[in-house]
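Note that the protein sequences, when read in sequence, are chains A and B.
In this note's numbering, each residue's number is its place in the first sequence (first place is 1) plus 15.
In this note's numbering, each residue's number is its place in the second sequence (first place is 1) plus 15.
If you are wondering where the hints come from, they were derived from the structure by calculation, not from laboratory data.
Among the hints, a few may not be true.
[Said to hold, decoys possible] Listed below are the simulated DSBU-like cross-link pairs for lysine-lysine, each with C-alpha atoms no more than 35 Å apart in a straight line:
#1 A:Lys49 / B:Lys49
#2 B:Lys55 / A:Lys49
#3 A:Lys55 / B:Lys49
2 protein chains.
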Amino acid sequence: MTTVIDLTHTIAEGMPAYPGTEPPKIEQANTVEKDGFAEKRISMFSHTGTHLDAPSHMLAIGATLDQLGMDHFVGKACVIDVQGQEMIEQSLLLSQTSLVDGCSFVLFHTGWSRFWGQEAYFSDFPVLSLGAARWLAQRGLKGVGFDAISVDPVSSTTFENHYVFFDANMINIENLTGLDALVGKQFLFSCLPLKLKDGDGSPVRAVAILD
Amino acid sequence: MTTVIDLTHTIAEGMPAYPGTEPPKIEQANTVEKDGFAEKRISMFSHTGTHLDAPSHMLAIGATLDQLGMDHFVGKACVIDVQGQEMIEQSLLLSQTSLVDGCSFVLFHTGWSRFWGQEAYFSDFPVLSLGAARWLAQRGLKGVGFDAISVDPVSSTTFENHYVFFDANMINIENLTGLDALVGKQFLFSCLPLKLKDGDGSPVRAVAILD
Numbered sequence: 016m017t018t019v020i021d022l023t024h025t026i027a028e029g030m031p032a033y034p035g036t037e038p039p040k041i042e043q044a045n046t047v048e049k050d051g052f053a054e055k056r057i058s059m060f061s062h063t064g065t066h067l068d069a070p071s072h073m074l075a076i077g078a079t080l081d082q083l084g085m086d087h088f089v090g091k092a093c094v095i096d097v098q099g100q101e102m103i104e105q106s107l108l109l110s111q112t113s114l115v116d117g118c119s120f121v122l123f124h125t126g127w128s129r130f131w132g133q134e135a136y137f138s139d140f141p142v143l144s145l146g147a148a149r150w151l152a153q154r155g156l157k158g159v160g161f162d163a164i165s166v167d168p169v170s171s172t173t174f175e176n177h178y179v180f181f182d183a184n185m186i187n188i189e190n191l192t193g194l195d196a197l198v199g200k201q202f203l204f205s206c207l208p209l210k211l212k213d214g215d216g217s218p219v220r221a222v223a224i225l226d
Numbered sequence: 016m017t018t019v020i021d022l023t024h025t026i027a028e029g030m031p032a033y034p035g036t037e038p039p040k041i042e043q044a045n046t047v048e049k050d051g052f053a054e055k056r057i058s059m060f061s062h063t064g065t066h067l068d069a070p071s072h073m074l075a076i077g078a079t080l081d082q083l084g085m086d087h088f089v090g091k092a093c094v095i096d097v098q099g100q101e102m103i104e105q106s107l108l109l110s111q112t113s114l115v116d117g118c119s120f121v122l123f124h125t126g127w128s129r130f131w132g133q134e135a136y137f138s139d140f141p142v143l144s145l146g147a148a149r150w151l152a153q154r155g156l157k158g159v160g161f162d163a164i165s166v167d168p169v170s171s172t173t174f175e176n177h178y179v180f181f182d183a184n185m186i187n188i189e190n191l192t193g194l195d196a197l198v199g200k201q202f203l204f205s206c207l208p209l210k211l212k213d214g215d216g217s218p219v220r221a222v223a224i225l226d
């Protein structure tokens, strides 16, 4: 029996958006009552809600979604609990080596998903130190994920962790939720993006698949 | 070793759209050169490209995406070759019972994906007879899928097969591609939708996952 656990925030008007971008606009273009079928028109940025960043998000010659193989978006993952950490140091990661071994994705439970929809969501979430990010980037991972809005502080202008991961051809998954139930576990993770031509990122339906 | 096979058409401006709707508009809102990061603004209908229909697409009281459990979008699937059939009759399905048994999704390889981008894509693809659709709807499936634009002829005004499946709380996956490599096989199929509030359907990244 396969169990699918949703790790995704709902896409809706008024949802949180990264400072400087806009939340989606969703219009009911057709209705069953009027047209015989319901259809919506969705207008949104490629980094809306629970989404992934491709290396081309910040690297002019970085891989676009099309240039990453399909297996870049599916693989074994684990969740590390980093609640209460201001900075996620390499020493914390080293203590989790046995959990991380064999994983293609490392996801971090910051606990910030509980602030989704509040001003508190945008600041003070745990962030990897540059050393910790580099340690992860050297492990041949497909990507890292956070239940927070970014892999760098929102106040960052240098985006150091983004660059460390993009330089290693990794993807970042941001704005995850529901990670609390998976702390310390290994499972099959899927964050398949929309098949956007030359995509720099995409909203995803991130899930854990447990057998 | 997990292998992920893509069953999805690329989302791009100028792609085919169901007659009466519009293809997506995709604007490069930000660029690495100008802004330090690349982001696109995507405007599209909820039934763009490779997509799924929720029962609420045509039933006023039909289940929306939110109302279907996560396991409704993932499960064992098989592909039946219906190339060369004008009408897919129940007798053809009965001859495939051993393949269909134990599957949650039945996908039909019409061969029409080779006409993607051509006028020929919109007509004359194999369609289920009403009897065949009813036989499928009685099997407790999660959904059916086609590498064609609809589960009814584009000329249909009654959408009989759509209603048979929606009445059974099933989803339809339309505009699949790449099914030729999977004919006669069973595999794990995923067509997870975007988490659209009250969604009547969603573009999906449909995949086969083989162990």
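Evaluated hints:
Distance hint between lysine 49 (chain A) and lysine 49 (chain B) is unfulfilled; the C-alpha atoms sit about 44 Å from each other, more than 35 Å. The suggested pairing of lysine 55 (chain B) with lysine 49 (chain A) holds, with an alpha-carbon distance near 32 Å, which does not exceed 35 Å. Between lysine 55 (chain A) and lysine 49 (chain B) the alpha-carbon distance is near 32 Å, which keeps this suggested pair within the 35 Å criterion.
Against the hints set out earlier in the document, a violation occurs for number 1 only.
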